[in-house]
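Undergrad: Sequence:
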Amino acid sequence: MDTRTGGRTPPTLQGGPPPHRLFEISDDHVFYKASKLRFDGDAAFKERAQQAVVTLQRGEEKYRKPWAQICEISRPGFEKVYQRLGVHLEEKGESFYNPYIPRTLDLLRQKGLLIEETKIETDKGAQVIKIEGKKRPLIVVKTDGAFNYASTDLAAMWLIFLNKDYLKLDVDRFNFVFTIKSVFHVVCRYRLNEEKAEWIIYVTDVGQREHFEMFFTAAKLAGWLPTDENQYPKISHVGFGLVLGDDGKRFRTRSTEVVKLVDLLDEAKTRCKAALVERGKAAEWTSEELDQTAEAIGYGAVKYADLKNNRLTNYTFSFDQMLNDKGNTAVYLLYAHARICSIIRKSGKDIEALKKDGQIKLEKDEERKLGLHLLQFPEVVGSAEETSRLLLCEATAVVMRKCFHLLGITPVYKI
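Counting along the sequence shown from 1, when you hit position 405 you're at 405 in my numbering, and nothing is skipped either side.
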């Protein structure tokens, strides 16, 4: 999409969504931003967009096809980021559960839980579930008939935990969402019978806590979850804090843009590569080794900087602190691991042979402290003269690698 519109609205945003234009989008973030600006500033456009969502959820081909195209355009970009982070996901977005929402809502109506809101002016006409102790109800279907997070969450829970028989229905008749719609009930049945879902954990920012409290209460009122939180099946919300900038607000660029994770990873790799070149590694290593090591350190630094903080609290983002080679940082730990591996390599000893026949003797104070510290690892995680020190080094390296694995960080063996 050419964004040089001279202040005019891009053609792709005028009227209906012409599918043939979607493949011209070069940056879906730019496309989304332009849409959001117009949504916020043009009441008529906002109303059309909201109605389009309702029509899309009903499965009308005119809207379903461009929606599917946007998904296909976006998916490769997401996958690249997942691959860089070593993340493997089974894709089941909100739309996966859309065909099952009508039946779920019928069940809630039969139980007398889903009713039409008549008192709260802004929610009049919406279908809601009243939650004791809450000023506002849980909105399940909006006033315009559109489904929302609550609709999807309730349908997903009902499917995963409860109804085996309903999974046998022919989902093709809904004519909605993916091209291979007939796999829906197969995948759901697999999660029930093979994965045996007993505990589902939702991971979002802490700002969504109230939504999940109301959602869980609604599920218990429907009899879909036990009232005793220690019984199975059960469901939990795990909230996390926000990443802040130096100004104490949500982390953004100087132009107030949301920082893209892909840009964050690129910057981390670039800075780590520059540091390695400064240390003379470009002359010692191949370009592939340089790139791989820079990626391992850079990506590891981003992950560790996030994971080392208390999950519930906000923290201030800082590249300088994140990439510091001193203190509690991934860079320091990866350097320590690489140095340990270097000691073992330079010894010229067969470490695997030493593991079979050698013994660790903790004679020095430093050795005893390290040995005792390593012994704490199984307790925390729940999973144990020259010859002795090499084995102690190896034990340290093994524990560090296991910790890196738990954090999703790739260890480096030389720096």
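Hints were generated in silico from the structure; no laboratory data involved.
Small disclaimer: the values here were computed from a predicted structure and weren't measured.
Virtual Cβ for every residue (Gly too), placed ideally from N, Cα, C.
Treat the hints with care, as some may be off.
Heads up, simulated BS3-like pairs for lysine-lysine below, C-alpha to C-alpha not over 27 Å straight-line [claimed, not checked]: (1) K124 - K220; (2) K414 - K355; (3) K414 - K356; (4) K260 - K220; (5) K142 - K36; (6) K303 - K326.
Label-pair distances were calculated between CB atoms; the ranges are [said to hold, decoys possible]: (7) T313 - E121: 34 to 42 Å; (8) T55 - S318: 42 to 50 Å; (9) C71 - R368: 24 to 32 Å; (10) V258 - G358: 50 to 58 Å; (11) S342 - C403: 16 to 24 Å; (12) R339 - N230: 40 to 48 Å; (13) Q208 - K80: 39 to 47 Å; (14) C71 - C403: 35 to 43 Å; (15) E121 - G77: 53 to 61 Å; (16) S74 - F240: 20 to 28 Å; (17) G59 - E213: 27 to 35 Å.
Undergrad: Honestly, which of those hints from before does the structure not fit?
TA: 4, 9, 13, 15
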